[in-house]
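Produce the entire structure from the sequences given, and follow the hints as far as they go.
At position 268 of the sequence shown the residue is numbered 268 (our numbering), and the sequence of numbers has no breaks.
Treat the hints as calculated values from the structure; they're not laboratory data. One should not assume that every hint holds.
[Claimed, not checked] Pairwise CB distance ranges (calculated): (1) F105 x R249: 46 to 52 Å; (2) G81 x E348: 34 to 40 Å; (3) R316 x D113: 21 to 27 Å.
The C-beta atom is built at its ideal place from N, Cα and C for all residues, glycine as well.
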Amino acid sequence: KDRWIHVMRRRRDVAPADLELKNFSLIDHPQETLATIKLLGEVELESIAAQLHFEDPYCIDISPYLILAEVWPALSGVFHGGRIKSPVQKAIEAVGLRRSLTMKFSAPEDQKDIWAFPLRRRRPSKISRSVERNLEPQTREKVADSFCDALDVWLDVTADLELTSEGKARFANLIGELLDNAERHSDLSKDGSWSVVAFMARREENKERVFRCYMAFLSEGVSIAESLRTAAPEVLADIKRYCDLHERRGQSRDTLSTLMALQDTITRDANATAGSRGGIGLQDVLEFVNMIGATASTDRAPRLTIVSGRSCIRLRAPYIIGVRAVSTGQRMIWCNPKNSPKDPPDPEFVFDLKDHFAGTIVGLSFVLDPDHLRASINERN
1 KDRWIHVMRR RRDVAPADLE LKNFSLIDHP QETLATIKLL GEVELESIAA
51 QLHFEDPYCI DISPYLILAE VWPALSGVFH GGRIKSPVQK AIEAVGLRRS
101 LTMKFSAPED QKDIWAFPLR RRRPSKISRS VERNLEPQTR EKVADSFCDA
151 LDVWLDVTAD LELTSEGKAR FANLIGELLD NAERHSDLSK DGSWSVVAFM
201 ARREENKERV FRCYMAFLSE GVSIAESLRT AAPEVLADIK RYCDLHERRG
251 QSRDTLSTLM ALQDTITRDA NATAGSRGGI GLQDVLEFVN MIGATASTDR
301 APRLTIVSGR SCIRLRAPYI IGVRAVSTGQ RMIWCNPKNS PKDPPDPEFV
351 FDLKDHFAGT IVGLSFVLDP DHLRASINER N
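Encoded structure:
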């Protein structure tokens, strides 16, 4: 705020700034992508005009665009025009982010190779920014049901399959719990915000038809580590022991705490801890995505990245699914070769960020492989 210059007092003899957004993906390039988004704020401080150039040939992760949609209303409107590829335009239009980003490209006429779950938001009580807030009930239950419908369409398009009643219930519970966690844990009043968006795109890769899926879940406010500071005493004791053991190995206590939060039963909710429930949402997501996104191609395997506060956790092979402990049945993912809490996490997958992100965002990418989907159904039958 101290460096911000009123638009009417900015120098008009300076050439417009050009910013290139390349490899714009929190899933694969979290540090660089956050730095790029931060740079928008730097430019907005004093520039009279600037252009944004989206250089990726496709939308390779929808999560940074979801962040942009939240940041955009706070900027001074200095960004006008720039390059953007047609497939990226189609993705932004399909998920309903074009209006939020005030992009003026014409709506693409051809949407036949993209299937979207458009933007859904939840605002804390009395602060909705929508002029139609009273007409837009966005309960997590409605969103979860709509997400099931979208996934059903994706399965039908890729492999002529559909979710069973059990599958729908499981997926709806999974999405509902993610949104519930975001709502309760992103704000200490348990009245937090969340945004969610997803799409599937059909692409030609090496003369092969590939169905790539992208999902993003955003909650503004406190980070996972900050939220955990109000957990039950026994949870805090477990976190302290783990952090004391590894904090000198390269990751901060906040990042180690964030990794702890991925383990079954670790939750901020003291009531859930007392009832030996809760704290299983992320593990459920990993199990479901590894099942539905199974593929023989390593470059198409599921990838999930969590950015929260100053912490980043990148989950992908070989650390992509929790292993159940023989004694308790609880799923654990410690991001090291032995999958042991006694060993430090791999710093390539669990690391500190240079900048603080005010909340948590989860970016997810996987491929729906028709052959593996059908094989999985046949195996169960």
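We went through each hint and held it up to the structure:
Judged by the Cβ atoms, the range 46 to 52 Å given for F105 and R249 holds: they are separated by roughly 47 Å. Evaluation of the 34 to 40 Å hint for G81 and E348 yields a pass: the beta carbon distance comes to about 38 Å. As the Cβ distance of R316 to D113 is approximately 25 Å, the hint placing it in 21 to 27 Å holds.
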